[in-house]
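Enquirer: In case you want the letters, here they are:
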Amino acid sequence: MANNILAFAESRGGDLRKVAYEAVTAARALADATGGEVHAVVAGPSGITAKAGALGTYGADAVTVVEHPAFADYNPEALAAFVAERAKGGGYRVVVLIASAQGKDLAPRVAGKLGVPLASDLTTIRLDGDKVVGTHPVNTGKVIATVTLTANPAVVSLRPGAVTAAEKPRTARIETAAPAGDPAASRVKVTQTIAGNTAKLDLGDAPVIVSGGRGLKAAENFKLVEELAAAFGNAAVGATRAVTDDGWRPHSDQIGQTGRQVSPNLYVAVGISGAIQHLAGMRTSKTIVAINKDPEAPIFKVADYGIVGDVLEVVPALTAAVKAAKGH
Amino acid sequence: MKIAVCIKRVPEMDVRFKIAPSGTSVDETGLKWDMSDFDGYAVEAALQLTEKLGNGEVVVVTVGPDAAQETLRKALSMGVTRAVHLKVDAIPFDNFAIARALATELQGGGYDLILFGKMSIDSSNGAVGPITAELLNLPCVAAASKLEIANGKGTARRELEGAAELLEFPLPAVVSIDEGVARPRYPSLKGIMAAKKKPLEVKPAQLGDLRMTVSTMALPPDRPPGRILGEGVAAVPELVRLLQTEAKVL
Amino acid sequence: MTQNVLFLLVLVAALGFFSYNAQRLVRYLTTGHDEHRTDHPWTRLRNVVVIGIGQSKILREPFAGILHASVFWGFVILTLGSIEILARGVFPAFGFDRMLPTPVHGLFLLSQELFAGLVLAAVVVLLYRRLVIKPRRLQGDKVHSGDAVFILSMIAALMVTLFLSATFDRVVEARHAAAFQPISSVLALVFGGVSPGTARSIATASTWSHALLLLAFLNYLPYSKHLHVITSLPNTFFSNTSGPGQVGVMRPMDLEAEGVETFGASDVKDLSWKNLLDGYSCTECGRCTAACPANITGKPLSPRKIVVNVRQRTMEIAPLLKGDRAEAAHAVLAGGEGDDAGGGTVGERVGHRLLDTYITEDELWACTSCRACVQECPVSIDQLDVINELRRNLVLTESRFPEEIQPAFEAMERNGAPWKFQPADRGRWADGLGVTTMAEFAERNERPDVLFWVGCMASFDDRAKKIAVAFARILNAAGIRFAILAQEESCNGDPARRMGNEYLYQMLARQAIETLDRYHVTTIVTTCPHCFHQIGNEYPQLGGHYEVIHHSTYIERLLQQELVPLRTENGKQLVVAYHDSCYLGRYNDVYDAPRETLKRALPVVTVAEPPRNRSRGLCCGAGGGRMWMEERVGKRINVERTEELLGTGADALAVACPFCMTMISDGAKALGSDVPVYDIAEVVAGQLER
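Protein chains in written order, with numbering that gives the first Met the number 0: chain A, 0 to 327; chain B, 0 to 249; chain C, 0 to 689.
Chain A on its own, in the form it takes in the complex:
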């Protein structure tokens, strides 16, 4: 049985992404268990080869790089063909990808091309004899499944952040390779990448939501909510029905039974008492913070962390503290 591990190192706009190091770190740990090598693959426009050496820092023994102008944007078909070709050629035990936005598209394609299932979005991974075993949250995170793969190779994608990139420096052999087929001939083409966090984050996508209620007392105080959201950087702004009814915010911002139903990683409820209408829209958030002057407010029943106090004082302090925490 093969002992080497293949790691896909994701890049965007000619630079490696943080998840590339996570993939290599995870692959290193597996290779250490099998006594094999970690081979990484990178694809990008010209100049990407110069970045590939960094993967050695995280434990890659060899890096195969393909440079082609058609890899300037994500090129799913050519990339999947390339990774699959490497995987077949090298005889790998495990192929490791990260379930980033790109990885969620790429990983199942690679698995499909290799004729094997994909263990996706794993939070842990280990080898168990000739099997690969990982854990994977199912049923919206309410159940943890332990998944056993007997396919060869085992294709896995890890949840971003599940593995913390750790340095295991060595000098990686850098090889350049030709793409599999003509990457410019891909049927699926990215025509435009809309970069940056320019557009307002949609309530459905935002990992953090800061939401305001009537406890803010006046429309002009809603800027405190916006400032806190801005401090998080990845936050959208929501509101209660009372607030949208009063015209402090547009109706599209309403969170609740009759508005949007959300479950972000973090929900900060500012001056919201927690009427049933509102709770029905945000109760399933992973972590809930409530700031309200009334210690009896129902919102505290669903909150993980609560602060009793005047939102006009607490929120600016929290904004400053979040900025400080993000800064370091």
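Among the hints, a few may not be true.
As the list claims (entries may be wrong) - DSS-like, lysine-lysine: derived pairs with alpha carbons at most 25 Å apart: (1) 292/A with 465/C; (2) 31/B with 141/A; (3) 300/A with 247/B; (4) 464/C with 300/A; (5) 247/B with 17/A.
As the list claims (entries may be wrong) - If you anchor each label on the Cβ, the simulated ranges turn out as follows: (6) 309/A with 646/C: 26 to 34 Å; (7) 401/C with 201/A: 20 to 28 Å; (8) 107/B with 359/C: 44 to 52 Å; (9) 107/B with 427/C: 31 to 39 Å; (10) 321/C with 151/B: 48 to 56 Å; (11) 199/B with 431/C: 44 to 52 Å.
To be clear, the hints were calculated from the coordinates, so they are not data collected in a lab. Here a beta-carbon is modelled for each residue, glycine too, at the ideal position from N, C-alpha and C.
Given the coordinates of chain A, assemble chains B and C onto it according to the supplied hints.
Expert: Same frame as chain A, but now just chains B and C:
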């Protein structure tokens, strides 16, 4: 325009799950079942596309036990033309096996478009759609948040971390649908009655070997009970500390 | 002799023409579907006597009520005189004076004179009111004011000719003044100088005018909203709005019926003939619209318009369906609010329907199902029935509804509550209270005295949970053996039914009945008026028969029996304003129990009444599924109502419904008021001995 939509029957998630005595699945007692959320978006997207074009056929396909026919009937009640049930005793976790069963059915079906939900909300793999595309050798876009079809060509949008990309692809193609493409319609009683008379074909599913299985299922540790950290500004540092160290969201 | 023949010809022509129109209108009613409306004839006759002849509903507004009642009673009495006049026109020898003993005939004459005077006076005031005072409810888009002025003038002319005829008869015969005919006697003195010849001419002309006016009036009615003169008594007889049967109960619906393609009503053919008769009976008085919380706060709903639209659409399509010329429907009867909707070529008319052409979706979803319109209608029209049937069509046939209620439908279906909460958490409000579940009783082979049906609000809403806790404490203190169903309870389906989703309703209701029957439940108490109404009054349609008692009534009984140990010390004089729940009050006639409960619980309490109270109480805005819809147009109903309640200067507001609790509390918050809102159970529980 002929569109296939692959859908899955899943349990209602807003419950406290229990683990079945076998330890490899959840206890199904008392669970309510429905179409997976994203599959609902896919069915709606397919219906809107054919309605806009004024002609076409939408076929739903599922791999599942007998009870999965309820889910097919729901899709029929929304306005889908016919349904195919690829029968298994229990839905396997192996997404390649499911994709193989679907590809066997869809191969040669003359579909212009094959839609999936971006993932099933129970097993949350998001792999069946793209693997099916590979097996059928069709272009594929996973997790499209917007989808338009015109002149035998599709355009889609995918959300990335802090960015988005627009894609173009020829038909026939496979697309998996993210939230936001189209909010699923609520079936009318008229639709429910009509669905009872629509064709629903049952075939055995061609799964092949299973090479990915669930060895155990467990419940995550209980969420710690909520607590009031204190009063006023003084409690802010403790909140930030907990968000960083305990909740790990900062 | 020639005159008599001439009169006979006129009479036959007039009655013939009237009969033609009458049969035409009756035939149009058959556009609607058949419905049995003659059960419980005695209750129906009682309604005719009390509401129709007794004018009980019209007198709810005393000023206009007295005027209308005068005209109505006057007409009833004067009809006797009219018969004599018409008969005498053909047979000059006919006369009550020959048939009745003199004193009785004298009384007859006196009654004619007095009531004619009364009618004339009332009509003058009514004309003044319509032309000068112009009350708000008689205004508005295309209300038939011209028709009203015309008909009032006609009545005035009828009375004037009646007096002129009597007066100049006296002059001609030079009769002495008679106490039996005081008015014409006085007038005869005034006109005593007129020559007999002139007097005879005037008398004859007046009699003829009166008789012709009478026949003209009769024949004008089928073309006028004043058709109610003829239809209101039958309409009251056939109406179910004041019984027979439980009031406020929605029509049963057979969802399994073979070959049915449409559900609910999208056009008049889907309504019952009685709904169409309602259309004939509406005189556009606007009392319904004036009482409608949606209309009051600026929403696009007018119950009057709904009924007028039914009539307009009937007049537009029924002649075509029944093989009459399209013009048979006269413009006036087809006119009124929203008359610009219909009309056009035959093809266009056929293409129209009641829904969309006349009544928009927005109007239908604005309804809170509070029943104020039905309560007010003097001729027992059921506006809500039409709204409910149209809503059913929107949801069941067309799947058209405000998008924000889809989550409520889905949650009822999947989670058994209109909000997405975990069914397993249903009994959690009772943690630590020592409440026993039905399953626990069954395990011990025991039965509780009553089942406490908690309802979704008190199970999941944090504020409403306190109501459940308070009520459980009262039951415990009174030593009542009660049980809850905990996670075996599920939404009873009422919100789905009120929002038009009969399919979902029947699914939920059958489930609930199955659970209740499995435990052989006979008596249920509940803190929610919607559960109370639904389970008690509407479940029988699906075979669920239980005695359901609202907690206000139940607590009052316990207090009466002195079963609840209350603290007796007197606190400060507390003024509490009580807000009537629609489903408790108008739907179930429970007005006194909550008030009595408050008074008994707090011996020093004063119950303050807002201007609109009891059967006139204004809805909180949550009914009819409005709890799960946005309120984007006009003033918020809960704010309107809360302003009124706070306007009493009360120290606290009291409610007896968890939905009212939410709406009134939100209203107080929106108004920046600190006045607390309590459920009556909380008030009583607060007085329990510790």
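Enquirer: Now, for every hint given, state plainly whether the structure supports it.
Expert: Results of checking the hints against the structure:
For a cut-off of 25 Å, the pair hint linking residue 292/A to residue 465/C stands: about 20 Å separates their Cα positions. Straight-line distance between C-alpha atoms of residue 31/B and residue 141/A comes to about 16 Å, which keeps the hinted pair within the 25 Å bound. Using a Cα cut-off of 25 Å, the hinted pair residue 300/A and residue 247/B holds, with the two alpha carbons roughly 21 Å apart. Between residue 464/C and residue 300/A the CA atoms are separated by roughly 13 Å; this keeps the pair inside 25 Å, and the hint holds.
Among the hinted pairs, residue 247/B with residue 17/A is consistent with the structure: their alpha-carbon atoms are about 18 Å apart, no more than 25 Å. In this structure the supplied range 26 to 34 Å holds for residue 309/A paired with residue 646/C, their Cβ-Cβ distance being about 31 Å. Taken as a hint, the range 20 to 28 Å holds for the pair residue 401/C and residue 201/A, whose Cβ atoms sit roughly 22 Å apart. Between residue 107/B and residue 359/C the beta carbon distance is about 49 Å. The supplied range of 44 to 52 Å therefore holds.
Against the hinted window of 31 to 39 Å, the Cβ-Cβ separation of residue 107/B and residue 427/C comes to about 54 Å, which falls outside the hint. Separation of residue 321/C from residue 151/B is about 53 Å and conforms to the stated range, judged on CB atoms against 48 to 56 Å. Checked against the hint of 44 to 52 Å, the pair residue 199/B and residue 431/C passes, with Cβ atoms roughly 50 Å apart.
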